[in-house]
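So the sequence lines, in the order shown, correspond to chains A and B.
If you count by this note's numbering, then the first sequence holds residues 1 to 66, one letter each, in order.
If you count by this note's numbering, then the second sequence holds residues 1001 to 1261, one letter each, in order.
Careful: at least some of the hints might be erroneous.
Quick list of in silico lysine-lysine cross-link-like pairs, DSS-like style, CA-CA up to 27 Å [stated by the list, open to error]:
#1 B:Lys1006 to B:Lys1091
#2 A:Lys64 to B:Lys1172
#3 B:Lys1132 to B:Lys1172
#4 B:Lys1075 to B:Lys1230
#5 A:Lys62 to B:Lys1233
#6 B:Lys1091 to B:Lys1130
#7 A:Lys64 to B:Lys1048
#8 B:Lys1088 to A:Lys64
#9 B:Lys1122 to B:Lys1198
#10 A:Lys64 to B:Lys1130
#11 B:Lys1172 to A:Lys62
#12 B:Lys1091 to A:Lys64
#13 A:Lys62 to B:Lys1091
#14 B:Lys1122 to A:Lys62
#15 B:Lys1239 to A:Lys62
#16 A:Lys64 to B:Lys1248
#17 B:Lys1075 to A:Lys64
#18 B:Lys1122 to B:Lys1172
#19 B:Lys1216 to B:Lys1115
#20 B:Lys1158 to A:Lys62
#21 A:Lys62 to B:Lys1075
#22 A:Lys62 to B:Lys1248
#23 B:Lys1115 to B:Lys1172
In short, the hints are calculated from the structure, not lab data.
Treat the numbers as computed from the prediction; the structure is a model and nothing was measured.
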Amino acid sequence: MKKVNSKKNTHHKKSNIAKLSHKNRSIWARAYYGWLLEKNPFPKNNPYDSLEIIDANEYILKEKDS
Amino acid sequence: MSKFVKHLLLIFWRFILPITFLYLGRSTTALQNLKDVGIFGEAIDCDKMRNPLFFTGIVISFIAIPTRLYFLELKNSSLRSALEVFMKYNKEILVELLRIEFKNSNANFNIRIFKTKRWFRKSWKSICEKQKMYEILNISPLGEKDNSENLSFIVSPKDESQGLVGLTYQSKNIMYDFDIQNNTINNDYRLDENQLSKTSRTRFVLTAPIFDEDSKVIAIISIDSETLLKEPKSMSNVKNIISNFCQKLHSEITVITSVGK
Chain A
1 MKKVNSKKNT HHKKSNIAKL SHKNRSIWAR AYYGWLLEKN PFPKNNPYDS
51 LEIIDANEYI LKEKDS
Chain B
1001 MSKFVKHLLL IFWRFILPIT FLYLGRSTTA LQNLKDVGIF GEAIDCDKMR
1051 NPLFFTGIVI SFIAIPTRLY FLELKNSSLR SALEVFMKYN KEILVELLRI
1101 EFKNSNANFN IRIFKTKRWF RKSWKSICEK QKMYEILNIS PLGEKDNSEN
1151 LSFIVSPKDE SQGLVGLTYQ SKNIMYDFDI QNNTINNDYR LDENQLSKTS
1201 RTRFVLTAPI FDEDSKVIAI ISIDSETLLK EPKSMSNVKN IISNFCQKLH
1251 SEITVITSVG K
């Protein structure tokens, strides 16, 4: 039976990340960190999406009328 | 290993272990009892064990823990100063964007955070009337510590809400006023004398809510300036700038507010 040199095998075995070129690796890293930064803390309904900017004077006038 | 178990083991190692050593070193019966139960072998001499255990307890509790705390404090202060630098940088970006939008390159802006006023800081009257109040929190890199210290506004109930902070809390929208002094004549913002005197120099105010994960208002950001600014034709860019700023700030608000304490 052929003896397998485990040390030699591990030396030649490349991990999936190592197989990627430098350019691809940086793309994946950027995508991952981009996802981390941009992941939505409000998965259902983001209250910041429905934010409106209102002039306080107009708002007070409307409140007084109603 | 779950976080809870990890913390329990850390607490055990840092606090319970030295206390146990000290107890075993001082107690005349504890070691003998452990020996009787069978935790220690027969060969161990309880009296000879007491001093080394007591000494180990002293070493851990008086040297290891304070040293660890000292290094943690050092790390904490360096992180704190780094956070302040980043906050200042963030503020500068926001201010620059606002200057471009308002076409005023000399305008100065202060960013304040308003948070719920704790019950023990409220007056008896406001506690009895179940008023919800928001109190100013001046964080040095964001805003100047001027005469606005201890400024607070009633935000709830609606018919008693004060200032733009109260309006923002009620409407859950961004509010602005380019000349706040105009409204002091009719006192539309229901400000009292103390609030009026503390905001007497302020001209421009913009307030925006910060939400938690359940879309409840947990804090209000106030951007104010003593410069009289001209209202731009469209405020949509300002809205985008402010809502992005608030969205980025919302998850870190508890950490940021701890800097100001």
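Query - Distance restraint between lysine 1158 of chain B and lysine 62 of chain A, which requires alpha-carbon spacing of 27 Å or less - result: holds (14 Å)
Query raised in the report: Is lysine 1122 of chain B within 27 Å of lysine 1172 of chain B, Cα to Cα?
Result: holds (24 Å)
Query raised in the report: Keeping to a limit of 27 Å between CA atoms, is the pair of lysine 64 of chain A and lysine 1248 of chain B held or broken?
Result: Violated: lysine 64 of chain A and lysine 1248 of chain B sit about 34 Å apart, past 27 Å.
Query raised in the report: Hey, lysine 1239 of chain B versus lysine 62 of chain A, does the alpha-carbon distance stay inside 27 Å?
Result: holds (21 Å)
Query raised in the report: Are the Cα atoms of lysine 1075 of chain B and lysine 64 of chain A separated by 27 Å or less?
Result: violated (54 Å)
Report task. Given the hint that lysine 62 of chain A pairs with lysine 1248 of chain B, test it: the Cα-Cα distance must not exceed 27 Å. Result -> violated (31 Å)
Query raised in the report: Is lysine 1075 of chain B within 27 Å of lysine 1230 of chain B, Cα to Cα?
Result: violated (45 Å)
Query raised in the report: Quick one, are lysine 1115 of chain B and lysine 1172 of chain B close enough, alpha carbons at most 27 Å?
Result: At roughly 15 Å apart (the allowed maximum being 27 Å), lysine 1172 of chain B and lysine 1115 of chain B satisfy the hint.
Query - 27 Å Cα cutoff - pair lysine 1172 of chain B, lysine 62 of chain A - result: holds (16 Å)
Query raised in the report: Within 27 Å, alpha carbon to alpha carbon, are lysine 62 of chain A and lysine 1233 of chain B?
Result: holds (21 Å)
Query raised in the report: Is lysine 64 of chain A close enough to lysine 1172 of chain B, meaning Cα to Cα at most 27 Å?
Result: Answer holds: lysine 64 of chain A to lysine 1172 of chain B is near 18 Å, not above 27 Å.
Query raised in the report: Do the alpha carbons of lysine 62 of chain A and lysine 1075 of chain B lie within 27 Å of each other, as the hint requires?
Result: violated (52 Å)
Of the numbered hints given earlier, the model fails hints 1, 4, 6, 7, 8, 12, 13, 14, 16, 17, 21, 22; all others are met.
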